[in-house]
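S.K.: Single-letter residue listing:
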Amino acid sequence: MRALLGGAAALFFATPAMAASGEAVNPWVAVAYLISGVLFILALRGLSSPETSRAGNRYGMIGMLIAVVTTLVTHDIASLPEIGVAIAIGGGFGFIVARKIAMTDMPQLVAGFHSLVGMAAVLVGVAAYLNPGAFGILDSAGEILVVSRVELGLGVAIGAITFSGSVIAFLKLNGNMSGAPIMLPGRHVINLGVLSGIIGLTAYFAILPTAETAMVFWIILALAFIIGFLLIIPIGGADMPVVVSMLNSYSGWAAAAMGFTLGNTAMIITGALVGSSGAILSYIMCKAMNRSFISVIAGGFGADSSGSSDGAEKIDRPWKRGSAEDAAYMMKQAENIIIIPGYGMAVAQAQHALREMGDMLKEEGVNVKYAIHPVAGRMPGHMNVLLAEANVPYDEVFELEDINSEFAQADVAFIIGANDVVNPAAKTDKGSPIYGMPVFDVEKAKTIFFIKRSMGGVGYAGVDNEVFYMDQTMMLLSDAKKMCEDIVKAL
Amino acid sequence: MDFISILSIFVMACFVGYYVVWSVTPALHTPLMAVTNAISSVIIVGALIAAAAGSQADGGQTAKWLGLVGVVLASVNIFGGFAVTERMLAMYKKKERK
Numbered sequence: 001m002r003a004l005l006g007g008a009a010a011l012f013f014a015t016p017a018m019a020a021s022g023e024a025v026n027p028w029v030a031v032a033y034l035i036s037g038v039l040f041i042l043a044l045r046g047l048s049s050p051e052t053s054r055a056g057n058r059y060g061m062i063g064m065l066i067a068v069v070t071t072l073v074t075h076d077i078a079s080l081p082e083i084g085v086a087i088a089i090g091g092g093f094g095f096i097v098a099r100k101i102a103m104t105d106m107p108q109l110v111a112g113f114h115s116l117v118g119m120a121a122v123l124v125g126v127a128a129y130l131n132p133g134a135f136g137i138l139d140s141a142g143e144i145l146v147v148s149r150v151e152l153g154l155g156v157a158i159g160a161i162t163f164s165g166s167v168i169a170f171l172k173l174n175g176n177m178s179g180a181p182i183m184l185p186g187r188h189v190i191n192l193g194v195l196s197g198i199i200g201l202t203a204y205f206a207i208l209p210t211a212e213t214a215m216v217f218w219i220i221l222a223l224a225f226i227i228g229f230l231l232i233i234p235i236g237g238a239d240m241p242v243v244v245s246m247l248n249s250y251s252g253w254a255a256a257a258m259g260f261t262l263g264n265t266a267m268i269i270t271g272a273l274v275g276s277s278g279a280i281l282s283y284i285m286c287k288a289m290n291r292s293f294i295s296v297i298a299g300g301f302g303a304d305s306s307g308s309s310d311g312a313e314k315i316d317r318p319w320k321r322g323s324a325e326d327a328a329y330m331m332k333q334a335e336n337i338i339i340i341p342g343y344g345m346a347v348a349q350a351q352h353a354l355r356e357m358g359d360m361l362k363e364e365g366v367n368v369k370y371a372i373h374p375v376a377g378r379m380p381g382h383m384n385v386l387l388a389e390a391n392v393p394y395d396e397v398f399e400l401e402d403i404n405s406e407f408a409q410a411d412v413a414f415i416i417g418a419n420d421v422v423n424p425a426a427k428t429d430k431g432s433p434i435y436g437m438p439v440f441d442v443e444k445a446k447t448i449f450f451i452k453r454s455m456g457g458v459g460y461a462g463v464d465n466e467v468f469y470m471d472q473t474m475m476l477l478s479d480a481k482k483m484c485e486d487i488v489k490a491l
Numbered sequence: 001m002d003f004i005s006i007l008s009i010f011v012m013a014c015f016v017g018y019y020v021v022w023s024v025t026p027a028l029h030t031p032l033m034a035v036t037n038a039i040s041s042v043i044i045v046g047a048l049i050a051a052a053a054g055s056q057a058d059g060g061q062t063a064k065w066l067g068l069v070g071v072v073l074a075s076v077n078i079f080g081g082f083a084v085t086e087r088m089l090a091m092y093k094k095k096e097r098k
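Top line first, the protein sequences correspond to chains A and R. For the first sequence, counting from 1, position 478 maps to 478 in my numbering; every step adds exactly one. For the second sequence, counting from 1, position 10 maps to 10 in my numbering; every step adds exactly one.
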């Protein structure tokens, strides 16, 4: 970071600062954008622990305020009232949504927000293309600078991909569209063709004079909207954490591309931060599923149910059914309980009932811990937020690698709405689609309670789970929320 | 600023981003996504420039309206993103020591 600051300061003193409008301006303007970029870095830095996170969020807000005010002060604003109204409309809507949204709906909210960043990037890019003079990207002959044409082409393309991709992700997460992968024949060929088309046309757009490429810009934009759509439809619900992170990354690169066009440090720093953030999250998610990024993007996971072939065998296998009273009795006697929540808990909105159950057990002197798999839920950290919402203290919640050794000492593993992340096939069955994925060693616990709505469903990966049939397993077949409430009553 | 200066800032910022994001605790990954969403709406700067420029040039009038729409969209994100992050972060509490 020191290198960044030093480098930026050196640049700042070496070159006369130019505003986007092309006139020489007060060098403090560049400093202001730099400060807001640094505040954004601090905003992310704050998230290294829950104690510092709220201060970090404030830094982010201050950084944004500085960037907006600086822009407004340094440009001749012909339309201040309109801008004020625009901010009020957007801000008011955003604020209300943020206050009203249920925590379980966070993945689709984030996907929806990504689509807005993408669309905003497209609009800024198109505006810069239509009115390049205002953005200071004209050369002496009145042509848009070549480097700016590359940035504009790439910027609107990434923005458009972010937009249409996020809209599909939103529809899938929000349940307006089936989470099942939609597989077009020859989709890899189509996608590669469209992508190379975008890159080729961007080069063409950059090399030839603007007058000869009047339509090219719009074709790039249209192709980018299409490819974003095509890229996300074949990706199934279980891979959504990766998709949401990936789109997060794209929205960052789109902002960075526009930052290059405007020569604005705040936008470039932010774009790079957000871009790397999304990329790292995608990497973490892929690693937690033991899948390559390419295979996730290629899509289709969970489409062909491998469970259908051994379906007959599955039904015949014996399993034990437990009741809420059994679970309450056993857990009261236990010393150590580890609770493993999954997406099913979010669907059933069971986090509050679960916390109540945990509290009652703690009063009985039981040691209760929560174990969270990196890909539990529909976005990174989804389960942590839900437990936090239900007032579970964050120091009772543990990550996979921190708690996995403790299952051997656990009396009860309580699985609520999770499935693939506790499937031992990931460790033993080389033929399983989830082989190699790091999973919880629940089978080492003395007793396992497995809340599931029915014996029919088999998780997103479509694989049967050995844990159902183990001697120490009791299946609690019910809605997750109702089961937790019943256990609370029985306690 | 010339292209190389901008590129240097960008590359440096990528490295900063890499190290900062790895230090984020996994428990806060959802707030991380929400807040990155909010800050990437700094793209509002571009939308403001377009909206502010007015109709000096040929495409200026269209650009102005596109800019205004961009301002609306980015504002949804800025206010929504920071507010929802704040709401989430307020829920993370430590165990009460008795």
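It should be emphasised that the hints constitute simulated quantities derived from the structure, not laboratory data. All C-beta atoms, glycine included, are put in the ideal place defined by N, C-alpha and C. Certain hints may be false.
To be verified - Some chain A residues well away from chain R (every beta-carbon gap over 12 Å; in silico): (1) V122; (2) G193; (3) T213.
Claimed, not checked - With a cut-off of at most 27 Å between alpha-carbon atoms, the simulated DSS-like pairs for lysine-lysine come out as follows: (4) K93/R / K481/A; (5) K287/A / K362/A; (6) K444/A / K287/A; (7) K95/R / K430/A; (8) K446/A / K93/R; (9) K430/A / K94/R; (10) K93/R / K482/A; (11) K430/A / K444/A.
To be verified - Stretches of chain R that chain A covers, calculated by requiring three or more beta carbons in the stretch to come under 8 Å of a beta carbon on chain A: (12) 29-42; (13) 67-80.
S.K.: Which earlier hints turn out false for this structure, listed by number in ascending order?
M.R.: Hint check: 1, 5, 7, 8, 9 fail, others pass.
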